[in-house]
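Undergrad: Since the structure of chain L is provided, determine the placement of chain Y on it from the hints.
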Amino acid sequence: KNEVEQSPQNLTAQEGEFITINCSYSVGISALHWLQQHPGGGIVSLFMLSSGKKKHGRLIATINIQEKHSSLHITASHPRDSAVYICAVDPYGGATNKLIFGTGTLLAVQP
Amino acid sequence: DTAVSQTPKYLVTQMGNDKSIKCEQNLGHDTMYWYKQDSKKFLKIMFSYNNKELIINETVPNRFSPKSPDKAHLNLHINSLELGDSAVYFCASSPQNREQYFGPGTRLTVT
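Protein chains in written order, with the numbering used here: chain L, 1330 to 1440; chain Y, 6 to 116.
To be clear, the hints were calculated from the coordinates, so they are not data collected in a lab.
Okay, the calculated bits of chain Y under chain L, using three or more residues with CB under 8 angstroms as the criterion:
(1) 41-52
(2) 100-107
Not close to chain L: a few residues of chain Y, all C-beta gaps over 10 angstroms, as computed:
(3) SER10
(4) LYS27
(5) ASN67
(6) LYS76
(7) ASN80
(8) ASN84
(9) ASP90
Please read these numbers as outputs of a predicted model, since none were measured by experiment. Where is the CB? At the ideal position from N, CA and C, for every residue including glycine.
Only chain Y is shown next, with the shape it has when bound in the complex:
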């Protein structure tokens, strides 16, 4: 059983397109996150939702919009993709004040 799953695993698209990455967790956790890992492998928080409510929104361009239809899902929609959006995006979940469980990552390549 996959605890935190993301789809797709790889995404190659052209500049200007709109794309979505989906994340689902079956752990019953209250909090879900989106992270971006750049080409130097540096991880940075983008968004965090707790019980479907946005609680962290870092300085991310508003082309990025998270959507949490329910506690088990946190999707990431990206409008007007740019070359600099190329990165690996990780979804994670956790109970409050506990370790985070990461998804396998989605490698986004914008050409």
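This is chain L alone, in the form it adopts within the complex:
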């Protein structure tokens, strides 16, 4: 079993819907990352968080360290949000920054 699990694996939504992607992990961590991989293949870091909540535009990321769980929310979804969203955890911190990745959630937002 992977140390980082995401759900759902695939998600189809209609434009404008509120979307939630979940990430659960089984190891102690120093930080959790949310990444976006565009259909063209490029990977962009969306958030890095170790507690609480962060917001950037229509994206919100939350983390509950005690429950070892994080969620990524997209408000007012748009077809351009269609991508693979990847959760990754850093168990060590410091200079190591070794990320363990989830298997990704493929999101398709239909107009």
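TA: Same frame as chain L, but now just chain Y:
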């Protein structure tokens, strides 16, 4: 200005050949990484260098050898290529304990 660049973007080669992928970052980051993304889109760390020093070396065959001539460059040399080496290889960089910035990826196809 490209923050993290990789060359080549595509690489098609035959089994048994030796090839290199180059990575450069102009962000002044101390840490650079190589990741492999398999056909199921699963990302896995291969190597990490901090200030030209190897700090992560995952269970990667020793046919793979990273080289960091300076803090801004981390190249990946692969000897005796095998079919199973076909994947997308991503370079990334980060300051310590911060988000990672990914290169555009190099799609390696071994025939």
